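Number of protein chains: 2
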Amino acid sequence: MSGGDPFHVVILAGGSGTRFWPMSRAKRPKQFLALAGRRSLLRGTWDRARTLAPAERVWVVAPRALAGAVRRELPGLRRDRLVVEPSPRDTAPAIALACAVIARHDARAVTVVLPSDHVIRDADAFKRSVAVACRVARGKALVCLGIKPDRPAIGFGYLKLGARPIPGVASPVVEFVEKPDAARARRFLRSGRYLWNAGMFVWQNERFLEELARVAPEVARATAGVAAGSPGAWGKAPRISLDYAVMEKASQVAVVPLDAGWDDLGSWDAAARHASPGSGGSGERVMIGSPGAVVFGGKRVVAILDLPGVVVVDTPDALLVVSRASSEKMKSVVEAVRAAGRADLL
Amino acid sequence: MSGGDPFHVVILAGGSGTRFWPMSRAKRPKQFLALAGRRSLLRGTWDRARTLAPAERVWVVAPRALAGAVRRELPGLRRDRLVVEPSPRDTAPAIALACAVIARHDARAVTVVLPSDHVIRDADAFKRSVAVACRVARGKALVCLGIKPDRPAIGFGYLKLGARPIPGVASPVVEFVEKPDAARARRFLRSGRYLWNAGMFVWQNERFLEELARVAPEVARATAGVAAGSPGAWGKAPRISLDYAVMEKASQVAVVPLDAGWDDLGSWDAAARHASPGSGGSGERVMIGSPGAVVFGGKRVVAILDLPGVVVVDTPDALLVVSRASSEKMKSVVEAVRAAGRADLL
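Line by line, the protein sequences are chains Z and G. Heads up: take any position in the first sequence, counting from 1, add 1238, and you land on my numbering. Heads up: take any position in the second sequence, counting from 1, add 1238, and you land on my numbering.
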């Protein structure tokens, strides 16, 4: 990347979605799945991070329960670059802890925060946006990467752009809007003044920690304590997202647009868009009269007849058959599996 | 049953349908499946036959390849009552061979021929119809059991009833019509003069063999030869169904109606009508927004979301997902599996 203070990458490897059950389980959440290509999403994020920085400056934050799985998935991760959350507390404590740890290594670091469960098709465009974001961050802004909406999605947070752009292809963020209803989402889309919040951030580490201490002092104290060697301090960290705890309250928040084939892969339908018909498994697929049908997993032969847009997820102990149009409703399936007394499968 | 000459039951255990793939395979055809209840269709037929006659008068005809499976499925079958077809040759040679063997045991037998891959819900009504058919058969008729159509099915043969009924709730058959087209099937249904040919027959054994010798002498010679101890004679038996070879040409053919909850279970859709949602497997089923969905087989948890009328067939090496409305088209699936180089799964 361009010159200036060295910058570090933090990969967030926590999270326990149920949207990809039965392929995702509590001990193998979404980021460990190869939902778009041959590599897991986490591994894809790692590989992208490594195009930005050498391994000594790529950090991974993960809850204790996933630490072993992260190490196995990322053989290139340096042992002392894995930051373990004593227990899951949402994104604000996780990110704050990583930044506090980095601050002890490198007082002048610029930090790039990346979720590990999204897909980015265009690695070059991604790298260019991160470079711009770094330049903007060196001007003291807390920078979000923002995605131009192509539909009135109700599952994302939106960033409202201020009127006066910041030199270097950025805009000030004047409002954070969490998951709007459909009518509002349509207005946002029409207005052209909103971007999706992709959960990717770039900032001067010192500037972020100052802002954290100001707007979220409990998170700051707890995570600084853990970083200084007192894991017990973690217990005082509230369970809160970075957007709520920090970004919505911080000053000088900016957004740099990212146009790099980003997808948060929030459902089987989204995964199916990125998949070949036989994705993720080694068995034969026989599909007749079933355009848009996708099979995930499994070594068996799977035959589908006259079921357009069906998703079949074949795992050794559980099988899911769902229409793509309904794949946002996976929570009801997971709840029914729990109600049937099979929480062991979740 | 009522008095008169002793009667024997012949169960036809051959046939190799592909309609129930992947649960049915070449070595485990439909009659070995528990498609309606806990027992296999073959076992259900055996149990029904045993309400008609003692084990010494219940015979099973099966091709050599299935003989072992038949013995395992029917522990009550006497070893010397299993008639083995040296190779599959359709129903005329199979039935003729069984009747020729029976004739050597019992010159005055009345024979009841039953397919093994249908379901009959009302065992008492079945028994009553067979008793009527036996009385009619003792008057020298070759008797078919006929099912009153409840829809213009195009997959069955039809029997046209003659104008003057035979005393004892029977009618002469004046025409055999193989699988009509839809328009003809609708006319048949409206006319009230047609019954479905259920492939169940009752006759005096001697009378059948006389008629066989007259209208199908090649079949008669070949099967008499095998029954007399020359298995090589089988090679001269043509591959032909009983309807074509005998019934359409025979004189004095009659039909006795059967109203006993009969179903030939010709498709997954038909099997689904007889199944409970978790039929045939031991795994949990989680079904949401999917009325009419049915799972066959498997020990895994199967979850189905928003796919009404879907059929899932879960076997260790192959999985089928099909809409019930399309389950008549299984041949295309089986052909595609073969084309994919996986004939080993058929």
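Just so you know, these hints were derived from the structure itself, not from any lab. Owing to the predicted nature of the structure, the values given are computational and were not obtained by experimental measurement. Incorrect hints may have been included.
It does not matter which identical chain is meant; a pair holds if it fits inside one copy or across any two.
Computed cross-link-like contacts, EDC-like style, restricted to lysine to aspartate or glutamate with a CA-CA straight-line distance of at most 16 Å [unchecked claim]:
1) Lys1569 - Asp1544
2) Lys1567 - Asp1544
3) Lys1378 - Glu1311
4) Lys1537 - Asp1582
5) Lys1474 - Asp1582
6) Lys1386 - Asp1328
Now for the hints, and whether the structure bears them out:
1. Lys1569 - Asp1544: For Lys1569 and Asp1544, the Cα distance is within 16 Å only across copies (13 Å; inside one copy 26 Å).
2. Lys1567 - Asp1544: between (22 Å within a copy, 9 Å between copies)
3. Lys1378 - Glu1311: neither (35 Å within a copy, 80 Å between copies)
4. Lys1537 - Asp1582: Close across copies (15 Å), not inside one copy (23 Å); limit 16 Å.
5. Lys1474 - Asp1582: The answer is neither: 30 Å in one copy and 61 Å across copies each exceed 16 Å.
6. Lys1386 - Asp1328: The answer is neither: 25 Å in one copy and 67 Å across copies each exceed 16 Å.
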